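Go by the hints and put chains B and C onto chain A.
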Amino acid sequence: MIKAVFFTVLTVAFFYIIWINNIFAPHEHYEMPAQYAKIAEDVSYAKEGKQLFEQNCQSCHSVRYDAVYISSVQANPKLKTLQEQYGKVLPKNVYEAVFYEDLMGLKESFGKVPPDLSTMYLVKGKEYLYNFILEPQKVLPGTSMPAVMAGRPEETAKIVAYLKSVAEPSPEEKNKRVLMGVGTIAYLIVMGILLWVWRARVLKRMGLH
Amino acid sequence: MEASRRDLMGLAVGGLGAVGVIGVLYPLLKTFAPSAASLAGATVEVDVASIPEGQVRVVSWKGKPVFVVHLPQGFQWNGKVKEERNVKLLQGQDAYAIVAVCTHLGCVPLWKPQGEADYKFPVFHCPCHGGFYSPWGDNIAGPPPRPLYVPPQKREGGKLIIGEAGFVKELT
Amino acid sequence: MLGRIGRWLDERAHLSELWQSQMIDYKVPKNLTFPYAFGVMALVAFAIQIISGIFLTMYYQPNVHLAFDSANYTIMKEAPFMWLIRHVHAAGANFFLAVVYLHIFTGIYYNAYKKPRELTWIVGWLIYFVLLTTALTGYLLPWGQLSYWGMVVTSEIPTSIDSAPIIGKLKLGELVSVLMKGGYEIGQITLNRFFGLHIWLLPLILLALVGIHLYLVRAAGISNPEGKEIDKKKEGVPFHPYMTLKEGAYLMGYLAVFFFFVFFYMHHFLPPDNYDPANPFKTPAHIAPEWYLLAYYTIFRSIPDKFLGFVAFNLTLVFLLILPFLDFSPMRSARNRPLFFIMFIVLVISAMALTILGTMPPTPTNAMLGLTFTAGLFAFFLSLPIISIIEWGWYKAKGGDKQ
Chain A
1 MIKAVFFTVL TVAFFYIIWI NNIFAPHEHY EMPAQYAKIA EDVSYAKEGK
51 QLFEQNCQSC HSVRYDAVYI SSVQANPKLK TLQEQYGKVL PKNVYEAVFY
101 EDLMGLKESF GKVPPDLSTM YLVKGKEYLY NFILEPQKVL PGTSMPAVMA
151 GRPEETAKIV AYLKSVAEPS PEEKNKRVLM GVGTIAYLIV MGILLWVWRA
201 RVLKRMGLH
Chain B
1 MEASRRDLMG LAVGGLGAVG VIGVLYPLLK TFAPSAASLA GATVEVDVAS
51 IPEGQVRVVS WKGKPVFVVH LPQGFQWNGK VKEERNVKLL QGQDAYAIVA
101 VCTHLGCVPL WKPQGEADYK FPVFHCPCHG GFYSPWGDNI AGPPPRPLYV
151 PPQKREGGKL IIGEAGFVKE LT
Chain C
1 MLGRIGRWLD ERAHLSELWQ SQMIDYKVPK NLTFPYAFGV MALVAFAIQI
51 ISGIFLTMYY QPNVHLAFDS ANYTIMKEAP FMWLIRHVHA AGANFFLAVV
101 YLHIFTGIYY NAYKKPRELT WIVGWLIYFV LLTTALTGYL LPWGQLSYWG
151 MVVTSEIPTS IDSAPIIGKL KLGELVSVLM KGGYEIGQIT LNRFFGLHIW
201 LLPLILLALV GIHLYLVRAA GISNPEGKEI DKKKEGVPFH PYMTLKEGAY
251 LMGYLAVFFF FVFFYMHHFL PPDNYDPANP FKTPAHIAPE WYLLAYYTIF
301 RSIPDKFLGF VAFNLTLVFL LILPFLDFSP MRSARNRPLF FIMFIVLVIS
351 AMALTILGTM PPTPTNAMLG LTFTAGLFAF FLSLPIISII EWGWYKAKGG
401 DKQ
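Protein chains in written order, with this note's numbering: chain A, 1 to 209; chain B, 1 to 172; chain C, 1 to 403.
Chain A with its partners taken away, still in its complex shape (with noise of 0.2 Å):
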């Protein structure tokens, strides 16, 4: 019994540590005011934040994922003649390749081309986004990112929101998942237990318990 409950204790500890919470393992952390932190959560403002995006980032990236492409595609005719034959989401290749240009000219400017920013949300997540696009510099020395946003915390954290809307499912489709997975669990833990009955009772027939 000892025996059994030292295992389990081990087996669950471990599994806790690796795959929940791994309090060995060195986190970087990034700090954002909560009122800021509470509008960058909100998918409310990603219309705003989308207008937003447009005036101040869309210049240089692009969120593919909502077809929204850099402003110097976003004006080329052909943009809409692709859409068509493609849909409004291009194939990464497709976009790469007609507007070689425009992405070899940001290229020359910053020195690399400025990252797509579909799925940045859950790569960096909020805080760091936040840090980042008011302070460029401050985050990740050396950047070639321009603090565009510099002193207009409340309007990066509307950005931040856009963001999320783009790369995390809608609010209603997040609480369609919840509620399946609850339904999902509540089954199977109620299948166990009818289960274990059942072979309660089968056994006591057969004389076997």
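If you are wondering where the hints come from, they were derived from the structure by calculation, not from laboratory data. Only a predicted model underlies this, so the values are computations on that prediction, with no experimental measurement involved. Backbone N, C-alpha and C define an ideal beta-carbon position, used for all residues, glycine too.
The calculated lysine-lysine pairs, modelled on DSS-like cross-linking and capped at a C-alpha distance of 25 Å, are:
no., chain 1, residue 1, chain 2, residue 2
1, A, Lys107, A, Lys78
2, A, Lys176, B, Lys30
3, A, Lys126, C, Lys77
Computed footprint of chain B on chain A; a stretch qualifies when at least three of its residues, placed anywhere within it, have a C-beta under 8 Å from a C-beta of chain B:
no., stretch
4, 183 to 191
5, 196 to 204
Here is chains B and C on its own, set in the frame of chain A:
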């Protein structure tokens, strides 16, 4: 008593098991449902002036070919159709869109402004099995069981917007 | 009506005879403990991987330009419910390996590798090895930063052979590395090759091995926690319903935990860094193998010499393979073997510590700890022959060999 209770348990396990199987099959089968992009009601804008009068342009709407017909001023048509359906729906429009999929077996009909075979006036002719349609898509002759489908569409000045409810509200 | 169809089928296929002989007349010991259920959990995990994997291939595109978008746009956003399938497949891979590890440790604990089950153990080891390869090939497919750089590091590991004294001259490691990648860099050919391996070759091999493994379990009979072979006629209980319903109930518990992760905690199974498309010019800040390889990785990097490190971690795998021959004691099951029990705890703690050390930065202290636990791991394997000799002595003193 004991037997019926056992049966009840068995039934409960079996029934719940069936629910589980359905629960697994549902998302798996559901992955075959149309994707988000194809569900999003795409709209197509067509500049009517860019189509010569009496001519037809084929555009793609929701992955289907659609005829955009631009009729000349005071267009007269003397044919006889089996069923006057689209012509009533599209009355008074000099430009309109009809789904270019033959209602017989899904071929794309051809526009014959000079007529074809016995029909000496503008018709749509389906080359697969010889179906004939009026310029409004009402079936004249041949195997097609019904007129061509008409997508929702709206007229805004010189533009025809396919996929938005206007003079045609929904796909009919 | 249904009954008639059933009878029609049965008269021809003799399914009920098969059921009777394989499920009911098949007798198992009554005292099997909870860890015996890890076997059936692994089987279910395998089935889940196959089904979810088949659905993923319908949308995934093995093309360096499109792979990332097909995984993160088409699958996660466009196609209905494919996010769920991907979550299931990603979490499922981790759960599969976790359950396989638990199954392996259970086998070690109860000495299930001993005569007549050596072959079952060896086939099981092959399953484990092929499974690791499958996991490794599948990891590249989403074409994210971790996928890409994980493979860069992995394909560099064989080159450690080249720093060996004499055989290093042959550049065997480089050859292996180039053969893995299909060239000198990781590109389209690598991706296509790994895709083919991951969805066809390796699963088919796994399927065959799992079949053989199950057959061998049946052929040799299931082991016993008490370490003695039972007289099945007298002591055995019918596999169905005694064991099926019990393991069925455990399985529901396992699936409940699994789906908790699928719906609510994918952070570890779909890590943030892998949402960054592969970039051959930028290494991510933290790059370490997946947890199921970390113990080997820590052994590899704790040993200062690259070639020796390579030898050491491969030796661990070899030890695991020849375990039935290292341990030739007449006694079975850790329940009856106090010395073995102590060494088993050393093994478990060392393996866990090595895994956790793999997630930590490679400081000198951690390297020292790594060496210590590597020693612990090796101590387990190397102590087995010694323990066996001692236990033969006890066995003879009790007059055991005369029976």
